[in-house]
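Start from chain A and add chain B according to the hints.
As a plain string of letters, each chain reads:
Number of protein chains: 2
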Amino acid sequence: MSAAAGTVHGVGLGPGSADLMSVRADRLVRGARHIAYFRKAGKAGQARRIVEGMLRADVVEFPMDYPVTTEIPLDDPRYAATLAAFYEDCATHLRALAQGGEDVVVLAEGDPFFYGSFMHLHTRLSPHVPVRVVPGIPGMAAAWAASGEPITWGDDVLTVAPATLPEAELARRIADTDALVVMKIGQNLDRLKRAVAAAGKTAVLVEYAAMPEQRVRPLDAVERAPYFSIALIHGAGRRP
Amino acid sequence: MSAAAGTVHGVGLGPGSADLMSVRADRLVRGARHIAYFRKAGKAGQARRIVEGMLRADVVEFPMDYPVTTEIPLDDPRYAATLAAFYEDCATHLRALAQGGEDVVVLAEGDPFFYGSFMHLHTRLSPHVPVRVVPGIPGMAAAWAASGEPITWGDDVLTVAPATLPEAELARRIADTDALVVMKIGQNLDRLKRAVAAAGKTAVLVEYAAMPEQRVRPLDAVERAPYFSIALIHGAGRRP
Chain A
1 MSAAAGTVHG VGLGPGSADL MSVRADRLVR GARHIAYFRK AGKAGQARRI
51 VEGMLRADVV EFPMDYPVTT EIPLDDPRYA ATLAAFYEDC ATHLRALAQG
101 GEDVVVLAEG DPFFYGSFMH LHTRLSPHVP VRVVPGIPGM AAAWAASGEP
151 ITWGDDVLTV APATLPEAEL ARRIADTDAL VVMKIGQNLD RLKRAVAAAG
201 KTAVLVEYAA MPEQRVRPLD AVERAPYFSI ALIHGAGRRP
Chain B
1 MSAAAGTVHG VGLGPGSADL MSVRADRLVR GARHIAYFRK AGKAGQARRI
51 VEGMLRADVV EFPMDYPVTT EIPLDDPRYA ATLAAFYEDC ATHLRALAQG
101 GEDVVVLAEG DPFFYGSFMH LHTRLSPHVP VRVVPGIPGM AAAWAASGEP
151 ITWGDDVLTV APATLPEAEL ARRIADTDAL VVMKIGQNLD RLKRAVAAAG
201 KTAVLVEYAA MPEQRVRPLD AVERAPYFSI ALIHGAGRRP
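Chains as they are written, first to last, in my numbering: chain A, 1 to 240; chain B, 1 to 240.
There's no promise every hint is true.
Identical chains blur together in the list; that is why a pair holds if it fits in one copy or across any two.
What the hints assert, rightly or not - Cross-link-like lysine to any residue pairs, in silico, SDA-like; alpha carbons within 25 Å at most: (1) K193 <-> R49; (2) K201 <-> E169; (3) K201 <-> R172; (4) K184 <-> E167; (5) K201 <-> L74; (6) K184 <-> P166; (7) K43 <-> G154; (8) K201 <-> D178.
Quick caveat, the hints were computed from the structure, so don't treat them as lab data.
The shape of chain A in the complex, shown without the other chains (with noise of 0.2 Å):
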């Protein structure tokens, strides 16, 4: 590593309302001469979407295409070879850029460690170059702040689920905790309904939350969730 690499920020965006970012990714944001973020192939894009008008002038934008989403099952061996060989690519350009001594700011929707893509750069730069991580708020804090209720009180336990999990499993985990999120719901709503159902308990499905088509319902009322929806169960806790 040359002494005067640049450094790769990974920058927490918090979940889709421009003001939700942290003063620190805001400045970062405002200030990058170069930005990468991660979209779907032929769409703008989530986090390019939340700093639209926070640009510099002069910003040079290297937008990660996934070659694949849902084309190929998880399982398929092929799904995880594409995934590597694109990863590689994109760190091969940001590792040249940071070792330029360019710094780079990655935009990462929610907190850049919590699930999501920027991990996949982080473990394949930070060998070679200066990586920093700006936390921000996951989307499931905004999900329960637009649901009106805390979730968690006193000694809850919280559980995070996604809900590509066997419905089995799901439904077990379920019953076993206090507050529960959900996240990945998309085509596993009709499992997760049942899921929840099974285990005894009432959920609200939160959609686009902190975004302007933000929405809050019953779970059992939901027929169809996009891609931007967390499920939560609330907590009961000591609340004095």
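Chain B alone, transformed into the frame defined by chain A:
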């Protein structure tokens, strides 16, 4: 509720560094004529410390001094009664301010709806005056950023548990999760160390995440955990 009622803002300050509060929180804090915050009697208080240097010259401060912390056991009915009376008093004061047309910013460390004391005001105030919540970066997000490793990957399940749980239950939950966050360590450090060992795992302890005294060590190496400490076990899920 009068049409001219002010709003009580529960503002998440994030993990402890002023530039990790959101842009929205920053604006509310800097513009506030009235602020309120919890603190241990006789101490400056962490929430107040975070906003030092940001307040209006004519700000009116309402410190809320906890009447008890560890002097009365949590399961003693006097604990709940004493705290309930305290929260009632605080809420009465804030409600009067709002009903008199004043906006009030209640400073909340981390995120206002994720554990913490603001929730006890929220339940008492929201039937009577407008209450708005600004989510914040939870302390745990700064802790995993400090650890230098992502907390959750792919379909990892994350469990957030207080170290106050019975040791056997703590061990069971640690064994049954991919990624783990443990809060409220303090006096429960030895119990936590035993529970992590019983689950056959290893953890790191992050002290003072995002603060100048930040330190990350293997949990086993720690003899005494300060109040601001969080234990982590990182997930090991899918990573193409």
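Quick rundown of the hints versus the structure:
no.: 1; hint: K193 <-> R49; result: neither (31 Å within a copy, 44 Å between copies)
no.: 2; hint: K201 <-> E169; result: both (15 Å within a copy, 21 Å between copies)
no.: 3; hint: K201 <-> R172; result: both (12 Å within a copy, 22 Å between copies)
no.: 4; hint: K184 <-> E167; result: within (14 Å within a copy, 32 Å between copies)
no.: 5; hint: K201 <-> L74; result: neither (29 Å within a copy, 27 Å between copies)
no.: 6; hint: K184 <-> P166; result: within (13 Å within a copy, 32 Å between copies)
no.: 7; hint: K43 <-> G154; result: between (43 Å within a copy, 23 Å between copies)
no.: 8; hint: K201 <-> D178; result: both (10 Å within a copy, 23 Å between copies)
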